[in-house]
Structures are given as structure tokens and as C-alpha cells.
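Using the hints, position chain B with the ligands against chain A.
Chains A and B, in that order, are what the protein sequence lines are. Converting from the first sequence to my numbering requires adding 156 to each position, the first position being numbered 1. Converting from the second sequence to my numbering requires adding 439 to each position, the first position being numbered 1.
Note that these hints are calculated values from the structure, not bench results. Check before you lean on any hint, since a few could be wrong.
Derived list of chain B stretches under chain A, where covered just means 3 residues or more per stretch with a C-beta under 8 Å from a C-beta of chain A [unchecked claim]: (1) 450-456; (2) 503-515; (3) 560-571; (4) 632-645; (5) 648-658.
According to the in silico footprint, chain B covers these stretches of chain A (three or more CB under 8 Å from chain B) [claimed, not checked]: (6) 209-216; (7) 311-322.
Beta carbons are placed, not taken as given, at the ideal position from N, Cα and C, and that holds for glycine.
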Amino acid sequence: MTCLPGKTDKALGLVIDLDTCVGCQACVTACKGWNDQGYGVPLSDQNPYGSNPSGTFLNRVHSYQVQPAEAAPMIVNFPRSCLHCTDAPCVTVCPTGASYKRVEDGIVLVNEDACIGCGLCAWACPYGAREMDADAGVMKKCTLCVDRIYNENLPEEDREPACVRTCPTGARHFGDLSDPDSKVSQLVAARGGYDLMPEQGTKPVNKYLPPRKKDRPDQASLLAPLLDIQATGFAGWLDRVLRKI
Amino acid sequence: MNPAPSVIIFTVFSGMGFGYLALLATVHDYSGIAAFWHWFVGYALATIGLAASAFHLGNPSRAWRAFTQWRSSWLSREAWGAVLALLALAPVALSDWLHLGLPRGFGWPGAVLAVATVAASGMIYASIRAVPRWHHWTVPVLFVAFACAGGSLLAGLRGPSLVALLVLGGLMVLYWRVGDGAFSRAGSTMGTATGLGTLGGVSVFEPAHTADNYLLREMIYAVGRRHAAKLRVLALLLAVVLPLLAMLLLPGRYGPYVAVPLHLLGALAQRWLFFAEAEHVVGLYYGKR
Ligand code: SF4
Ligand code: SF4
Chain A
157 MTCLPGKTDK
167 ALGLVIDLDT
177 CVGCQACVTA
187 CKGWNDQGYG
197 VPLSDQNPYG
207 SNPSGTFLNR
217 VHSYQVQPAE
227 AAPMIVNFPR
237 SCLHCTDAPC
247 VTVCPTGASY
257 KRVEDGIVLV
267 NEDACIGCGL
277 CAWACPYGAR
287 EMDADAGVMK
297 KCTLCVDRIY
307 NENLPEEDRE
317 PACVRTCPTG
327 ARHFGDLSDP
337 DSKVSQLVAA
347 RGGYDLMPEQ
357 GTKPVNKYLP
367 PRKKDRPDQA
377 SLLAPLLDIQ
387 ATGFAGWLDR
397 VLRKI
Chain B
440 MNPAPSVIIF
450 TVFSGMGFGY
460 LALLATVHDY
470 SGIAAFWHWF
480 VGYALATIGL
490 AASAFHLGNP
500 SRAWRAFTQW
510 RSSWLSREAW
520 GAVLALLALA
530 PVALSDWLHL
540 GLPRGFGWPG
550 AVLAVATVAA
560 SGMIYASIRA
570 VPRWHHWTVP
580 VLFVAFACAG
590 GSLLAGLRGP
600 SLVALLVLGG
610 LMVLYWRVGD
620 GAFSRAGSTM
630 GTATGLGTLG
640 GVSVFEPAHT
650 ADNYLLREMI
660 YAVGRRHAAK
670 LRVLALLLAV
680 VLPLLAMLLL
690 PGRYGPYVAV
700 PLHLLGALAQ
710 RWLFFAEAEH
720 VVGLYYGKR
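So here's chain A without its partners, still in its complex pose (with noise of 0.2 Å):
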């Protein structure tokens, strides 16, 4: 079973838009939330109202500094989480067959019944996109909201993953990467989407659109004409005459 699949009918994964990801960490809240209640045991907490409280999450989102060459420095909210990737290391690992990715979607998976918590696919994993519940003691990871998206007893709008359906500025999208015209592939080409630490080898199906170019502080404004406003009739009397006093 953890044998990878040569070939899934579909890629099904996100792709997240650095260039309007705000960091609100709703994402981060939509995903507990959802996942509290929905596959497998809740994510939980550990001395969540102490001083040094811990928790599992299945989303982080890290925010980062760019700066570039001859530009001023922007600031990139990077959310992270699985990538469900086509050569997945954490799956081959797995002693017990508990992790698996789905022949029909590409979904990477861990049976919670038979993992025995040895945490070694969270080792191979590049991305620290697992997370060993610490009151269960099984592994947990995004499963890209398998219970929502085929659930039949939702309304249609809300059959994605919750962190895509909560994301206010529409920075996160989910679809089919594995077919050239979904609207997901094509905001990859159109954007430049690309993989995070390629050189691991894994083959992530989710993609990363890169932050657009911000303007140079040389550059002038287009608006700059309309800024040079010239008072005319009386306003410009006394504009001149003032300007003589």
C-alpha cells in the first residue's frame, strides 16, 4: 500500500497566491476548525490557556521578508501546508501502510486506525507538513478536506477545502493540476506558479504564485500629471495675489 501509485486519475491540490495573501490566519482557523470534527481525531491542544501553549495544526502560515537587489523590501505572507506530492517520501516510509496517496485524486492520506505513530514520514517529509498529534499519538496532515469536497450533504459552494472557502482575499484555489484546462493550471501558467524545494525531488502537485513586481520608488507615478493642479479664475487671483504679499 505505501508503494506509490505510478499514475493518479487526477492531481487534485492548491494553489496559493503570495501576491494576495494578507497573513490573516483565517486559513489557519478554518482548518482547525473544520478538522476538529471531520476525519479522523480532533487536532488537539496542549495547555492551550498556559503559558507555553502547543497544538496541532495541519496550516501554518509563516511571513517572511524579501529583499530584493535595487527595490525596497516587501513583505510575503507564506502559508504552508501539505503538497500532496507526486513522489511523496512520507508515504514510501510507512512501516505500516497508514499512509497512502489516493489512485482517483492524488490525495496523500494517513489511515488513523493503523498508524502507529513512529513519525518517521514526518521525517521525510521536506515541508514539515505532518504533525504527530501529541493526545492520539497517530500523524496528522492536510487531507485537502476529503469530507467536504465529495460530501453530498453540502451545499455546492462550500464542496472545497475549508482554508480555499475561507480565505478572504481569494488567494487560495483548488483544483484538478493534473489537467491542462483547469482554471487552477491555468493560473500556474498565466502566474508563473512553481514548486517549493524542487531539488527534494518530491514533485509537489500544489503550486505557489509568486509575489507580482511592486513599483520602484523612482518610478514616477502615473497620476503624476493630475497632481500638478493649477487654480484657475478666482481661486487663481487669489492665489496670485497671495503669493505676492
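Only chain B with the ligands this time, still in chain A's reference frame:
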């Protein structure tokens, strides 16, 4: 990586145990009660290690499932190797103890399985590309070298143990030298981890969370690396140099009595460093290694 005591004890003791068992099965021919005690020590070391590894699991009651994925997982292969080796060696042990007179040749399959098990333990780490320092052939070879050295010291074989110790010393140094450049050779940086490196220099602006989490505890263990250089010298002295001198200078059976405990301490120090010095690429997201 977090140097969890259970895993350190497991790899050191079971490695030594399997090395010793392999030698008992092929080289030695103790008999009667002496054989019983020697085999007992071998089996005890190997199984104490296995039991210690179970403490590392979140759900030990399901441990039997670890036998199912031998096709892809080195951890599963190691589990099979351990059980098969212990089973294959049992007739030899019984024959030695009860004078059944099984030819020495019967020990070989079990001995090969024992060494293969140790190599499989090493492969668990060597197969993890996300920890560049581990992702190298020297790791399984080093594990086997420790098993050979520990085993032959326990068995009190002077000649073989001297050779095994010298080879082990060389490999320890080689592993450190290769490992020191491994992270940069792997080519992962905060720039490739975020993909933002093409735009400019990347640094952490705000952490994703202010308290710790599983990743920071398990994979981003930066404590104690400060003394790594000193510990390396200590590990080399204890595991190789002092046992070597003890075996050379002390008469007869006293050599092993001194050499084995020293070697064991050295092996534990080396294994602690093996984890504490290993940096996981996920640390790049946190700006910590
Ligand atoms: S991101 Fe990590 S957990 Fe997810 S499939 Fe890739 S290697 Fe596995
Ligand atoms: S922690 Fe669970 S899912 Fe991960 S490798 Fe171990 S048994 Fe498999």
C-alpha cells in the same frame, strides 16, 4: 533532529547485540551453560533495543502492522530482519547450549540476517533526503561497523576487534567530514523552501507561531550543537582509541572488560551526535537549523 533516548539506546544496543549474535553463530563455539549465557547476552541486547524502540511509538499496540510494508519501507524491512534473524539463530543457540552438535554452517544464514538488520536500521536514516547529513551510504556502513566492533569486543576476539575498531574510527571521521558539507550540497535554502529566493534575499519577518510545536521539538533541535566538536573527540576516544589500547595492552580477558564499557559509552555519544547534529530542511521555514 531530536536525540530521543529511546532511539539512541535502541540503535546502539541492538546493533551491538546483532553483531555479537552473528559472531556467536559463526566464529565461536561455546557449549553448555557458558553458551547459554553468551547467547543470552546477545539476545538480551538485541531485544532490549527492540523494546526501547517501541517506546518511541505513539501507538505501540499496533506495532505488528510495521511488518506489512517491507516492499517500500526500510523500517518494515528492519522489523522483518530482526525477527527472522532471532528465529534463524535460535536453533544454533539451542544446539550450543544443549550439545546438539549442529554444524557451524547453520549459523551463517542467521548471521547474515543479523548484519542485514543492522544495515536496514542505517538505511532508515540514509533514505531520508530531507536530512542531508543522513542521506549518504556511509550511514548504513557506519552502523554495520559499530555492530562489528561492538560484537567482536564483546566476543573478546583480539585480532578482529582491532581491525574492526580501526575501520570504525576511519568511518566515523569520514561520516563527519562528508556530513559537514551535506546540507549546503543538498542545495536547499530559505530561498528554495519559499521559492522567494529568485526575488531577493529572504529572511524571517514573523514566525508562524510564537510557542513551540511538534516540528520544532522533533526536527529543529538546535540545542547542544555548541559542544559538538568536543563531543566528537570524546566519542572517537571512547568508542575507538581507548578500547583499542585496552585490547592491545591489557592481558587476556581483561581487555574486553575495560574495552566494552568504554566502547558502549562512545557509541552512545556518537549516536547522540548522529541525531543532534542532523539538520532537517524544514528548519529553513523557521530560519533555524
Ligand atoms: S508535502 Fe510532505 S506530507 Fe505532503 S505529500 Fe509532500 S512529503 Fe508528504
Ligand atoms: S507515523 Fe503513522 S503514518 Fe507516519 S510513518 Fe509511522 S505509521 Fe506511517
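Consistency of the hints with the structure:
Here's how the stretch 450-456 of chain B fares: 0 of its residues keep a CB closer than 8 Å to some CB of chain A, so the rule of at least three is not met and the hint is violated. Coverage of a stretch by a chain is defined here by at least three residues with a beta carbon nearer than 8 Å to that chain's beta carbons; for the stretch 503-515 of chain B and chain A the count is 11, and the condition holds. With a cut-off of 8 Å between beta carbons, the stretch 560-571 of chain B has 6 residues touching chain A; three or more are needed, and the interface restraint holds. Against chain A, the stretch 632-645 of chain B contributes 13 residues with a C-beta closer than 8 Å to a partner C-beta. That satisfies the three-residue criterion, and the hint holds.
By the rule of at least three residues with a Cβ nearer than 8 Å to a Cβ of chain A, the coverage given for the stretch 648-658 of chain B holds, with 8 such residues. Figure legend: the stretch 209-216 of chain A, annotated as covered by chain B; annotation consistent (6 residues with Cβ-Cβ distances under 8 Å, at least 3 required). Proximity of the stretch 311-322 of chain A to chain B, defined as three or more residues with a beta carbon under 8 Å from a beta carbon of that chain, is not established by the 0 residues found.
Of the numbered hints listed earlier, those contradicted by the structure are 1, 7.
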